[in-house]
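A.B. asks: What follows is the residue order along each chain.
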Amino acid sequence: MSLKSIHWNEVKEGEGLPVQKREITRTTVIATAIATRDFTPVHHDHEAAQKSGAQDIFLNILTTGGLIGKYMTDWSGPEGQLKKIVIRLGATCYPGDTLTSTGKVVKKYTQGDEHLVDVEYNLSVPMGPHAWGTVTMALPTKS
Amino acid sequence: MSQGVYEKLQAMVGEEAGPFEAADEVNKAMIRHWCEAMEDANPLYTDEGFAKKSKYGGIIAPPQMVQAYCIPPLWPKKMLPDPQAKAVRMMDEAGYAGVVATTTSQEYFKPMRPGDRLSYKIKLVNVSPEKTTRLGTGHFLTSEYTYSNQKGEVVCIQSFTILKFKPAI
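Sequence lines, in order, name chains A and B. In terms of our numbering, the first sequence opens at residue 1038 and continues consecutively. In terms of our numbering, the second sequence opens at residue 211 and continues consecutively.
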């Protein structure tokens, strides 16, 4: 990611975020489950996942949140501050899926002394939307 | 029958448990492990030199990590009096076997820094009337998690909604 941060002044409502793609492997699912300290069997045990009705082990929700935050700050740069993340959960993300992240700035406003943007995002898998919603970020301003 | 369960669930709304202490303090190793798995290169999380010059004056944890610090350890097992888990058990017994998470949100108020000790409370905040979805018929349960640091400052408020349902045949 760039060490430079986007300034609030430069952002336009309607502006799209660069598309990101990530290949989700079994290693991704298990490494993220461990890093998020989520030992629920469906995230590492194939048989337990199938018994629950899933076709395979699948990405946990904490990781979905982690990847949304990463997508946002990859765009904004490190000075973009995550204020609020709302996640609607859809299709399960399985090993072998390509997770595609897209986003768009839908609102630019100030609140108190903070300069904010709302970004609508969508993380999708071949089956459909995996997660979607709105992230509110505070961005630095050009002085 | 299901009306009885709904009434029992309604009576539980507002039930709160905690505070429960996180097993580990916020620390650089867990932050780096998180960033490695997410492929998150934000230097605020791992580059001390960069973070020192930022408005934070030092490394912070990715805010979404708050929940990871607060997941109860795999061992030794502790049974926490969690009102959401209690509601889920009650619905399991009433035949609502299916469960799916539908919505979650996190709002952040204070950054987490290495050395911070977190604790959290869980509150059952809403139970929906019976609804029929494509998965089946059931109730949406919403819980609210409030995470605080050792100074008593609220770090994050998270809401988490699940649908507990009788699978459609």
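Keep in mind that the hints were calculated from the coordinates and are not lab data. Note that the structure is predicted; figures quoted are calculated from it, not measured. C-beta atoms are modelled at their ideal positions from N, C-alpha and C, and glycine is treated no differently. It is possible that part of the hints are untrue.
What the hints assert, rightly or not - Estimated spans, in silico, between C-beta atoms of each pair:
1) B:G259 to A:K1058: 51 to 59 angstroms
2) A:K1179 to B:K361: 27 to 35 angstroms
3) A:H1083 to B:A295: 19 to 27 angstroms
A.B. asks: Taking the hints in turn, state whether each one holds.
C.D. replies: Taking the hints in turn, this is what the structure says about them:
Remark: the range hint 51 to 59 angstroms for G259 of chain B to K1058 of chain A is contradicted by a beta-carbon distance near 31 angstroms. K1179 of chain A and K361 of chain B have their C-beta atoms about 33 angstroms apart, which keeps the hinted 27 to 35 angstroms range intact. Under the hint 19 to 27 angstroms, the C-beta atoms of H1083 of chain A and A295 of chain B, about 25 angstroms apart, fit the expected range.
The structure shown violates just one earlier hint, number 1.
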